[in-house]
Amino acid sequence: MDGKRKFNGSANGQAKKSRNYEEDEENDFEAALAALESQEEPLEQTLLMGDGPENQQTSERWSRPAPPKLDPSRDNIEFQQLDVENYLGQPLPGMPGAQLGPVPVVRMFGVTMAGNSVCCHVHGFCPYFYIAAPSSFEDRHCESFQKSLDQKVIADMRSNKDNVQEAVLLVELVERLNIHGYQGDEKQRYIKITVTLPRFVAAASRLLKKEIIMSEIDFQDCRAFENNIDFDIRFMVDTGVVGCNWIELPKGEWRLRSASSKPLPESRCQIEVDIAYDKFISHEPEGEWSKVAPFRILSFDIECAGRKGIFPEAKMDPVIQIANMVINQGESEPFIRNIFTLKECAPIIGSQVLCHDQETQLLDKWSSFVREVDPDILTGYNINNFDIPYLINRASHLKVKNFEFLGRIKNIRSVIKEQVLQSKQMGRRENQYVNFEGRVPFDLLFVLLRDYKLRSYTLNAVSYHFLQEQKEDVHHSIITDLQNGDEQTRRRLAMYCLKDAYLPLRLLGKLMAIVNYMEMARVTGVPLESLLTRGQQIKVLSQLLRKAKTKGFIMPSYTSQGSDEQYEGATVIEPKRGYYADPISTLDFASLYPSIMMAHNLCYTTLILGGSKDKLKNKGLIQDDQVECTPANNYFVKAELRRGLLPEILESLLAARKRAKADLKVEKDPFKRQVLDGRQLALKISANSVYGFTGAQVGKLPCLEISGSVTAYGRTMIEMTKTEVETHYTRSNGYENDAVVIYGDTDSVMVNFGVKSLERSMELGREAAELVSSKFVKPIKLEFEKVYYPYLLINKKRYAGLYFTRPEAYDKMDCKGIETVRRDNSPLVANLMNSCLQKLLIERNPEGAVDYAKQVIADLLCNRIDISQLVITKELAKTDYAAKQAHVELAAKMKKRDPGTAPKLGDRVPYVICAAAKNTPAYQKAEDPLYVLENSVPIDANYYLEQQLSKPLLRIFEPILGEKAESVLLKGEHTRTRTVVHSKVGGLAGFMTRKASCLGCKSLLPKGYEQASLCPHCEPKMSELYQREVETKRGLEHSFSRLWTECQRCQGSLHEEVICSNRDCPIFYMRQKVRMELGTQEKRVQRFGLAEW
Amino acid sequence: MANYRVKSSYENLSGQYLVKAYDYQKQFCHLYAHRLAEMTRLLTPLAQKKWGTKEPIKKLCELHAEQDIHCILIGTIYKHQVHKPSILRDISEENQLAPQPPRQNYSEPEDKVILEDELQRVRLRGEHLTGQLMATGIVCAIIGVPDNDGFFNVEDVLYYESGPQKPLPTRQSSGRLLVLASGLDQLQSHNFADSLNLFQYWLSGSLDNAKEAQSAHRLIIAGNSVRSSAVAHVPTLQVARTQANANETVQAVQQLDSWFAAWARALYVDVMPGAFDPANFMLPQQPFHKCMFPQASQLASFQSVSNPYSCRLDDALIVGTAGQNIADLKRSTTLESSLDALRCTLTWGHIAPTAPDTLACYPYIDSDPFIITECPHIYFAGNCDNFETELHVGSNGKRTRLVCVPSFSSTQSIAVVDLDTLDCRQIDFSLPSE
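As they're listed, the protein sequences go chains A and B. Numbering of the first sequence is given in full-length UniProt numbering, commencing with residue 1 and proceeding in unit increments. Numbering of the second sequence is given in full-length UniProt numbering, commencing with residue 1 and proceeding in unit increments.
The set of hints was computed from the structure by calculation and includes no laboratory data. Where is the CB? At the ideal position from N, CA and C, for every residue including glycine. It cannot be assumed that every hint is accurate.
[Said to hold, decoys possible] Derived DEER-like restraints, expressed as beta-carbon distance ranges:
id, chain 1, residue 1, chain 2, residue 2, range
1, A, 877, B, 128, 53 to 61 Å
2, B, 171, A, 1076, 37 to 45 Å
3, A, 855, B, 164, 57 to 65 Å
4, B, 295, A, 812, 41 to 49 Å
5, A, 372, B, 125, 25 to 33 Å
6, B, 155, A, 1052, 53 to 61 Å
7, B, 56, A, 905, 37 to 45 Å
8, B, 26, A, 812, 20 to 28 Å
9, B, 254, A, 855, 29 to 37 Å
10, A, 1089, B, 164, 48 to 56 Å
11, B, 56, A, 809, 54 to 62 Å
[As the list claims (entries may be wrong)] Think about it this way: if two alpha-carbon atoms lie no more than 30 Å apart in a straight line, the pair counts; the simulated DSSO-like pairs of lysine-lysine are:
id, chain 1, residue 1, chain 2, residue 2
12, B, 112, A, 510
13, B, 26, A, 895
14, B, 112, A, 668
15, A, 499, B, 26
16, A, 665, A, 778
17, B, 20, A, 1083
18, A, 896, B, 26
19, A, 499, B, 58
20, A, 401, A, 262
21, B, 26, A, 1083
22, A, 812, A, 668
23, B, 59, A, 499
24, B, 20, A, 1007
25, A, 816, A, 1007
Given the sequences, and given the hints that come with them, work out the whole structure.
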């Protein structure tokens, strides 16, 4: 249903993939950095327990294939794990770890290659952290320290409902290296404190700071290490488990749970086993183990019967339909297609229709359907914030027993929690989160919000953007009517609902979202779900911890001080603005920031902390030639002394990417290609986010010395490239012309070699890239990538050009930072800009572009522009804005006219700006486009010209026309003629009477001619005038047929009326308009009399 | 003065094609719905006759529970074609790089054939079903079995075949000829002025053909008399603007008036509007307004008629169009010749099945004038690339003379049909120098 798509991103800017997937993402590094500054508020770990129902087996089609008979002593189990989580359980005899309960148990959920679901309990892994050991602390203190701390922690508990008997399990004195700052290779002493439960990590570190644990030794100043790591991540790092990898349980090591075993099975999975944390094999996702299990994805969509004018509320409005599509990963079509309906619904071929008399029955059956199908991934559009919470609230309102048991653990209910995610990338979002133990909610909307910048995030807009298909949109006021009709109208609704369940699957497939996210989880080592619910930092953290562990490094915990300390960003060479008709070669640094970190060995472990340089030198740990001073005046030791961890991580990421790309080249199987491509993308993004991690000031371990040095190197390299190119490519060196660097930004440099041919500019570009590369430290490499020809340089980060990678033909038109598609702009702006740029760049016709812009302006002033081009859309987020807003005022106005169809909170309100008396504020001039069409309300052309078109137009034409751009474009001859439309409403319209006028000369018809079409003067020209009217009618008839047949096709039925009200569709207003105009035109033709013979 | 050489009775049967009151508030679904209802009524007895009454005629919505049931379905064909012209795509491409030139033919082997009844759709497949020869909008009866994948396996297809035919008395040729011309394209007539003059001489019998001219009884001009190609369209952001070339057209119409007046002095002349003529765009196209032909309209032997046009000359039923239906059908199918397309529409029992889907037509709400309920004796389409003809023998010995009337502007030729024997031939007026 459309009402629920209230989740609109704050995105503005061109409809393009976000920086994450953009080719030139290095350009956006500040932004990427900012995106990393995220605050993650952990979820509350409360669980609602209860006795869930047993799984039912009602249908062969629904249930998973029967699991094989397994013998723990003879069979290995291999499964791909999709979810890792932990819970408090009782210790199992024979397993390592604490023997007195409760203990943390890790649960891994997954699927075998045969499609059987697996729940694996992993026992014996215990949480721990470190503190720096005070110098007087020795091995012999360990035991008393453990006892004392144990007592303190137990005493600290407010209540002990779990009957905890043991808190601190073990205290050891270990030798480790602090990751932060070079201190030589000699290890320091740390106390490793192992506790029984994850929550005691925080408690113990707090008590250590606050209280006296041992009278003879003071721990209050001891820095804590790694006490802020999630237990799940800790487990995964220590056991080598990465997100979505394959787990092998060797025979003889695991125990099977069954109806007769102890403990009994807890999950709804087909295979449930126990194993010790050090007995299973975690396979690296390489080679054979890069395969993907056939996991089940359930996509669903619900419809609710709302009341007129009110957004559906779970307490009031019934759920009337739930459409479901289940697909096996890797297959192209869903193998289960069904719809649960309230009241009878006519059958649908190819889909199962399950009718229910009672809503409670509908909900109950759906919930058992979910349990039976046992999906691994739940998807849909905005399910996290609408469908799932709505269903749960509705079921609890109706007291549907057992509905909430949707997860894989039998006795855990799915409940709604509020989650706040604050990140610069996505802004502050309040999301609802529902737990589904063992199933991953994978909301397509979240994927899109994260990875793509779009003009609109409605499912209509998204499907048009990615699939070039419009989606029929049934207005929510109609949904209730359809439900209250007969079984055929409900079937109509069901078709619509099924489509909404199917589209997310198609989009996920098209965007390869699941494969890409899975590869990202594998590369960065975090669970799949955290990629959608958490920020970027956890990904780098997971990799850093893994690397650090192998080398004996540990990470200090860092508490954010929220400092405002800033460092200088990337450099921009002042652009030499203009329209370049000659080829402009572009030199790019490949993976610039990762390369810098590798080349200069920038890392936490190589950083010489402020002021400690002399101390280290005096100790003889470093010599001057082993230290490098960065342009930001920080010191790092060179690789020969110690290779940094970050460079190593980056190296392996980039090497893995190279491998994936090489494999991709030879791989033929399309599905494996998808996996590989997803993998190389994930690797690229991960490499780039390492830099961001070091700069994230509210992060786990910010280090401005690193991030500041990276950008500083970047700056000098851009400058150096400019100097090298401009001194080498000169006439005096025998080249055609003196090369000029016209612009440079972050990691690319645009050079005008002053040559005319594409071939030559490419040749010089390649040569220059090699020349400059040779002067940099490896692996920094300048690459020649493309030539812009022609090139329009408007300003910093604003340019457009025709993009050539080979001389034969251009690849695309590349526009950067030209606000063609801002959400608060009308489509007219984007389309006009686009056309002008095409004329400038592709047709190389600046005059043509100017003429075109003038023509459109003239058309605008003469009211010849289609209204859909002028529609501005804004979301009605709340009704009490401080300042008056056009769309809010309009929504109020529309509510007075018809409360049934007026926009509700969360709806998007389309409007156009209409002409009004002078000085009327803009917010009062907004009007419903349909109302404007029906009543011929005149448009405020000036508003569109001055507020919407003028700035972007001047921006692109100033480099061509210079100062006179404004006078040429906005004040020229073409702006003199204006057409004023007479409104049928308001003002004097009510007092006017219409008198017949001559169709030729528009004069009033004289007496005796009232019924005629023409005045006596025009009568001789009758044939001509008649043909003119017929010609207009022809055009309108042509449009009418094309528009209405398109809608008939789009809705997928020839015999039923089109009821779509998708206002995002470009033809929505056109079809309405042509209908009216054709009626009017027909009346004019009729005045000539019927063509009777 | 006109000799109106042979006496015969004439009845204009085009009343169904005249639209008295236009209403554009309606959608196209009503036309489809009516077509399906009407054709179902016509097809049901035929289906029972062909396949027996043992096989049930089912609605799609009755099929769910009892799969694998062998049954008959009646429904409208919808062909899902990826490259079907789409205004949505045009709009989104309008501002893009090089606009795609419109495809001459958008039929693909991957086209999906779907049958839709009042409520539901089902994909069809079967050996007897060549999707590329089917078109959206055909109503037919099929027999076969549904399967689990949501397909219906078609074993046989039944079309209406244009209904019964009134027998034509077998006569020796009395030499009465029906003259069929099209595509006079007055705007381009300077390219073939001599041929046009020759045609005029031929009509008046001054080419040593007095006898032949004597027998020429009626001339039907099947469209595109004013122009025979579309006006180039420049993509813009604005709504349709009136054409600036009206003046040219007005002159061409004046010129035509003189020609028609001259010809109508020799025989009956019926002028149909065509796809590019100054008439309305949607089918059925209404007769030209009298004011356009002040001279010719004075003569009782001259009239402008609708497109499609249908009349009875003595016993012979004549039905024809200006050719839009055939051209549109050729674009969406692999039918190669106009003759094949023309024959198909006769078999399907519908003049223009692709209307309204890809062929513009008026949104009728309670009728479909394009269903052929009485099989014509002469069935023609104007503005074909070249002359083609065939005496089609249908079921029950129905005989129909199919004529693809050549476009005069491209072939400088016309077609003549003997109204008694239904013999048909081409007369070529092209001159070597042209």
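Hint by hint, here is what the structure shows:
no., hint, result
1, A:877 to B:128: 53 to 61 Å, "58 Å, holds"
2, B:171 to A:1076: 37 to 45 Å, "55 Å, violated"
3, A:855 to B:164: 57 to 65 Å, "59 Å, holds"
4, B:295 to A:812: 41 to 49 Å, "59 Å, violated"
5, A:372 to B:125: 25 to 33 Å, "32 Å, holds"
6, B:155 to A:1052: 53 to 61 Å, "26 Å, violated"
7, B:56 to A:905: 37 to 45 Å, "52 Å, violated"
8, B:26 to A:812: 20 to 28 Å, "44 Å, violated"
9, B:254 to A:855: 29 to 37 Å, "33 Å, holds"
10, A:1089 to B:164: 48 to 56 Å, "38 Å, violated"
11, B:56 to A:809: 54 to 62 Å, "60 Å, holds"
12, B:112 to A:510, "21 Å, holds"
13, B:26 to A:895, "28 Å, holds"
14, B:112 to A:668, "28 Å, holds"
15, A:499 to B:26, "26 Å, holds"
16, A:665 to A:778, "26 Å, holds"
17, B:20 to A:1083, "12 Å, holds"
18, A:896 to B:26, "28 Å, holds"
19, A:499 to B:58, "26 Å, holds"
20, A:401 to A:262, "28 Å, holds"
21, B:26 to A:1083, "16 Å, holds"
22, A:812 to A:668, "27 Å, holds"
23, B:59 to A:499, "23 Å, holds"
24, B:20 to A:1007, "28 Å, holds"
25, A:816 to A:1007, "65 Å, violated"
Figure legend: structure checked against the earlier numbered hints; hints not met, in rising order: 2, 4, 6, 7, 8, 10 and 25.
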